[in-house]
Amino acid sequence: MKKNTNIIVVETSPLVIEGLSGIFNKSGLRCSLSFASTLELLEFLIPKNKAELVIINPSFFQNSPKAFNTIKNQLNQVKWIGLQYSYFDPKILYVFDALITISDTPESIIAIINKLLVDESPHLQNSSQDVLSERETDVLKLLATGMANKEIADKLNISTNTVITHRKNISQKTGIKSVSGLTIYAVVQKLVSIETLSD
Amino acid sequence: MYQRTNIYLSPDLKMSEIITNNHYILLLLEHFGIGLPLQDKSLNKVCEENNLNIELFLTFANLYNGLKYSPKAPLSYSNTPVIVNYLENSHKYYSEEIYPNILSTIKQMAEVNNHKEMSLVPKFFIDYFNEVTEHLDYENEVVFPYVLDLFEQVKNLKHTRRKIQYSVVEYKEHHNDIEEKLNDLKSLIIKYLPQKNDQSVRRKLLFLLSELEYDLNIHSKIEDLILIPLVAEMESHLNISK
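Sequences listed follow chains A and B, in order. So for the first sequence, our numbering puts the first residue at 1; every next one is plus one. So for the second sequence, our numbering puts the first residue at 1; every next one is plus one.
Pairs of lysine to any residue residues, derived as SDA-like cross-links and limited to a Cα-Cα distance of at most 20 Å, are as follows:
{"no.": "1", "chain 1": "B", "residue 1": "LYS41", "chain 2": "B", "residue 2": "SER10"}
{"no.": "2", "chain 1": "B", "residue 1": "LYS191", "chain 2": "A", "residue 2": "VAL179"}
{"no.": "3", "chain 1": "B", "residue 1": "LYS68", "chain 2": "A", "residue 2": "CYS31"}
{"no.": "4", "chain 1": "A", "residue 1": "LYS190", "chain 2": "B", "residue 2": "ILE190"}
{"no.": "5", "chain 1": "B", "residue 1": "LYS68", "chain 2": "A", "residue 2": "GLY28"}
{"no.": "6", "chain 1": "A", "residue 1": "LYS177", "chain 2": "B", "residue 2": "LEU120"}
{"no.": "7", "chain 1": "B", "residue 1": "LYS191", "chain 2": "A", "residue 2": "LEU132"}
{"no.": "8", "chain 1": "A", "residue 1": "LYS177", "chain 2": "B", "residue 2": "PHE129"}
{"no.": "9", "chain 1": "B", "residue 1": "LYS123", "chain 2": "B", "residue 2": "GLU97"}
{"no.": "10", "chain 1": "B", "residue 1": "LYS68", "chain 2": "A", "residue 2": "LEU15"}
{"no.": "11", "chain 1": "A", "residue 1": "LYS173", "chain 2": "B", "residue 2": "ILE189"}
{"no.": "12", "chain 1": "A", "residue 1": "LYS150", "chain 2": "A", "residue 2": "LYS177"}
{"no.": "13", "chain 1": "A", "residue 1": "LYS190", "chain 2": "B", "residue 2": "LYS191"}
{"no.": "14", "chain 1": "B", "residue 1": "LYS155", "chain 2": "B", "residue 2": "GLU233"}
{"no.": "15", "chain 1": "A", "residue 1": "LYS190", "chain 2": "B", "residue 2": "PRO194"}
{"no.": "16", "chain 1": "A", "residue 1": "LYS190", "chain 2": "A", "residue 2": "GLU134"}
Since the hints were made in silico from the structure, they are not lab data. Since the structure is predicted, the reported quantities are computational estimates derived from the model, not experimental observations.
Take these sequences, add in the hints, and give me the full structure.
Pasting the structure below:
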């Protein structure tokens with residue numbers, strides 16, 4: 001998973017909020033969490049935070065299923081996970097894309113979320129192959145010889161913005177952000193020879 | 001981030017216990033100028049003996065234990081000199097101890113592993129070290145004296161207008177750069193640099209880098225989340241505006 005996922009948790013119990021924060025914190029899942037204590041706040045936060053996933057206790061809407069359905073129908077790109085403390089009518093649970101229960105282990109909670117996010121966007125799986133494309137390699141080679149973005153753009157006949165996009169992807173794939181770090185990477189990968197480096 | 005069982009810190013816990021739980025707390029104590037041995041003294045007792053505000057200690061110790069900074073009440077400006085002293089001590093640890101240590105370990109690694117690309121690593125680190133030194137000097141020479149000056153003014157309630165000498169935004173970016181190159185180096189060592197005869201020295205290097213990274217991470221949190229808001233508060237108290 002390369003992309004950051006915005007998740008909203010609708011919950012009022014501090015125990016559960018802290019617990020979930022801890023689990024997410026330790027999971028290594030790339031996400032940012034926000035919390036809402038009411039459906040109104042949720043409705044406000046989803047577009048604001050560009051949320052893709054909502055974790056919600058079904059008791060929030062068991063008395064107002066209509067209000068919930070309205071929210072859900074307006075936002076069909078959002079995935080919904082029910083967080084169960086206790087028994088609920090299966091008819092209510094049917095609306096969720098997945099369910100977690102209060103007794104689940106951290107690992108299984110994260111696995112459920114991961115599965116949901118990966119199903120949603122299969123293209124993300126491809127991007128986790130950390131191989132540089134041909135164009136990215138071209139950019140990296142020039143970068144390693146000390147060229148600035150503008151010079152690289154001129155040389156490759158592309159815009160400076162495209163160079164910047166390539167650089168972002170290179171950094172994401174290699175885990176290296178600085179030019180000096182990328183230069184060493186380029187040498188190790190035999191993309192440039194150590195003799196051609198500027199100094 | 002370093003993962004440990006989080007213990008809930010309370011003033012009557014033994015200091016030795018919380019170090020056993022997370023040995024990085026030792027760095028925290030050193031930066032506060034507190035040494036070993038600690039016998040069976042409680043956090044409260046150790047703080048008292050060292051004239052350290054227990055709330056301040058708990059706040060920093062919780063950061064070291066990986067908890068989010070969520071103060072019940074903001075720290076009082078009266079802690080400013082202690083915080084600045086803490087930061088200065090950690091600078092000393094960076095520039096006189098851990099960075100030189102890392103540099104010599106990198107040189108050692110480049111010596112036993114004579115792949116020619118290894119020769120680039122000491123240069124990378126020396127350049128980086130220079131950048132860091134520049135940042136630390138800037139804080140030591142410009143930021144900290146300014147903060148202490150503010151503190152004196154607030155304490156004595158001298159309402160003199162001064163110019164702000166640095167920008168908080170710029171300040172935060174420095175920190176990102178410092179942590180970014182450290183990360184790059186770790187990636188290179190773990191993922192890419194060819195290995196040859198250097199297994200133990202490379203591991204030693206990684207451990208040192210992780211130690212530095214751990215402390216730096218908390219250091220920037222202290223500056224960004226605690227010091228900068230205190231400065232802003234003192235500035236507004238003195239009616240200094242940009």
